[in-house]
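Protein chains in written order, with this note's numbering: chain D, 6 to 612; chain R, 62 to 250.
It is worth saying that the hints were derived from the structure and are not from the lab. Remember, it's a predicted structure, so these values are computed and weren't measured experimentally.
According to the in silico footprint, chain D covers these stretches of chain R (three or more CB under 8 Å from chain D):
1. 73-87
2. 128-142
Derived SDA-like pairs: lysine to any residue, alpha-carbon spacing no greater than 25 Å straight-line:
3. K302(D) x R317(D)
4. K586(D) x S596(D)
5. K315(D) x R95(R)
6. K315(D) x F100(R)
7. K315(D) x P125(R)
8. K81(R) x A110(D)
9. K315(D) x F92(R)
10. K586(D) x R393(D)
11. K81(R) x E118(D)
12. K16(D) x E179(D)
13. K81(R) x T109(D)
14. K81(R) x R94(R)
15. K81(R) x G112(D)
The C-beta atom is built at its ideal place from N, Cα and C for all residues, glycine as well.
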Amino acid sequence: MELTGAQALIKSLEMQRVEVMFGLPGGAILPVYDPIIDSSIRHVLVRHEQGAGHMAEGYAQVTGRPGVAMVTSGPGATNIVTPLADAYMDSIPLVVVTGQVPTTAIGTDAFQESDITGITMGITKHNWLITDGADIPRVVAEAFHVATTGRPGPVLIDIPKDVANKPMEWYWPEPSDLDLPGYHPITEGDPRLVRAAAELLLAAERPVIYAGGGVLKARAAEVLRELAERTGIPVVTTLMARGSFPDSHPLCLGMPGMHGNYTAVTAMQRSDLLIALGSRFDDRVTGRVDAFAPDAKVIHVDIDPAEHNKVRRADVAIAGDCRLVIGDMLTALSDLGLPHSQATRGGSGGAPSDAVPGAPAITGSAAASFPRERLVPWRAQLSLWQQRYPLVYDQPPGSGALKPQFVLESLRDATPDDTIVASGVGQHQMFASQWWQFDYPYTWVNSGGLGTMGFAVPAAIGAKVGRPDKMVWAIDGDGCFQMTAQELVTASSERIPVKIAILNNAYLGMVRQWQEMFYGERYSEVYLSPDLPDYVGWAEAMGCVGLRVDSAEEVASAIDKANDVDDRPVVIDFRTDAFEKVFPMVAAGASNDDIIVDPSLTGGDEG
Amino acid sequence: MSVYGTDKRHHTLTVLVENKSGVLARVAGLFSRRGYNIFSLAVAPSDDERFSRITIVVDVESSPLEQIIKQLDKLIPVVSITELDPEVSRERELLLATVEAGPDTRGQVIQLVGVFEGRIVDVGHDRLTVMLAGAPTKLDDFEDLIRSYGIVEMQRTGRVALPMLDRSGERPPLRAAGPTIASTTEKAG
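From just these sequences and the hints, can you work out the full model?
Structural data, given as structure tokens:
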């Protein structure tokens, strides 16, 4: 069967069971847009190519399937560079197709030519420039394979216009036809190392499971829970791992890092064993590396061996898929005599009271002296910290300044437990991560590694496309919202009913916080104005319902109103307190020992 | 004053890569964006036309060798990486130099080339172009000695290397077993 390159490309995407793609056409990609009319694939027409990329990311994060985006050459391609970099940092599987000028014009500075494979070399897992139409099905199959296996990541396929126009003989490659001689992702961990890890785990007195985004990528939330419950070891979930272990679980310590809670941060600092699962010792988690968790041995499980010993030397480094390795670890623990136990499931409060031995001790094994009794002092210490240093804020009654934390708590309590939350980057992101209760995996969508402002609106749209059955809220800042708000036009016209909560403090809040704390309150270029733009008017102009909330007492009714809308997007402009800062905080380059808690907890006054 | 030589800082990696366009850019790009230093680099087709071999001498003071190898390994077109410790490998390099060789010194230059078992590849009125292939340290010595006659132009290719043959008849242990042994990292991840 003879097809044009363009038809072959779309058919290849169909063969990969792509259901939806996000994109915007243009000159060089024109031929590929024609067969979309006859395809089963839904195309969501965005208003800016960056939106297409972030939508594909949001879609991928909540579904676990690769997100697909298609844009034209030159500026279309360069506009999707930010989402590629974002997806690369957060290991999100994306397949981005870019149009390219005809092969005969490549290198001549042709109209809308850019060397997008060159530009994206360092921010994609791999990319391809197709020069022969016969390669199209194989390259598409390779692209999906590379994007979704091993450590997932974004890939890019660049297709010149003449290659899209020319006929080719259709085929679909067998897995053995893929031409990837240098790509053999690891999945199984080395059993000897797994055993060594299990032994370390049983010998620890102050262990902490340090769960990262890899747990979610590996769909390992269930085995993680089993590991924690069987061993009684507490869990911190990084910004990329929120929801991988339920916040409501008594063993959950919440988020560590620069704006993590005191107990999560300090538990890692005092720990004698960090069990790093799919986490990468990011600088926002470790603070000053040479002062990070000084007494801890490290077990590091990661599917990417290059993460081992990159930042922190591991005592046991296991290359493998988190779900498989944790599963093997559970088996190894059983072999070492650790009893099966349900003792911690659904217990109360993280206090040592739930550390009941689940089964009689087995003598003569490494597990005999473990675990729960041994961890009692540690768990008691953790709960003391939790009581002493909780997350706090003070919402004054009546018409006082509206606190962003109060908005988040109200929103959390007024929405279903499995609501998907997307966020931008800054104070609102940290407040959202701190104050939301994430009890389900794949309900938190954010830009972790790259820190891309403007991520929330398009990511929420992509998430809603992927999970139309779930309520999707974007928590956004006013600065972020202005970067990508135009995608609400996409959402309105495609009838994608996302809900946006703007925590509008009229500032680039996180930068303002740093200027207040570290630059002597010299505020440089951070003021944005609460009224310009008119957010309600803007929302309505984009086909959304627009609401505005000025005080605490209006919060609940506005949220109820928004939750009732299901035929179009809703935007709520929450006018929040510009002076509110995110605490706790570890200053950049400081040791996690020097964590700054909310001034109200130390008897000081807040500025 | 050896610039090259068997400095402990310098490790040789021979990297088998797919013979596709842009692969060298991917390797070079990785080094620059992660701040790794390349000391020398040589690329040529391998005995299998599907693959090329890149020989890179890396400066392991700038970044740990383990990271360099693992990050290289993540590049999809990289098929395998072999690390060659200078002490257990045969390293060779080619030097071409045009040297001042007037009537007074020509004899001495020719003699020096003879001592080093180099060759004279071009002859001018008062200059000679000489060629020397050999171990990088030998090239260093030669370069030092001819410098006093006046080097007009010089090029060195960067080194290529193969593991030293094992005469004991046993397989050499992997690097994990001892730090001074050459090893091959099978591509993974």
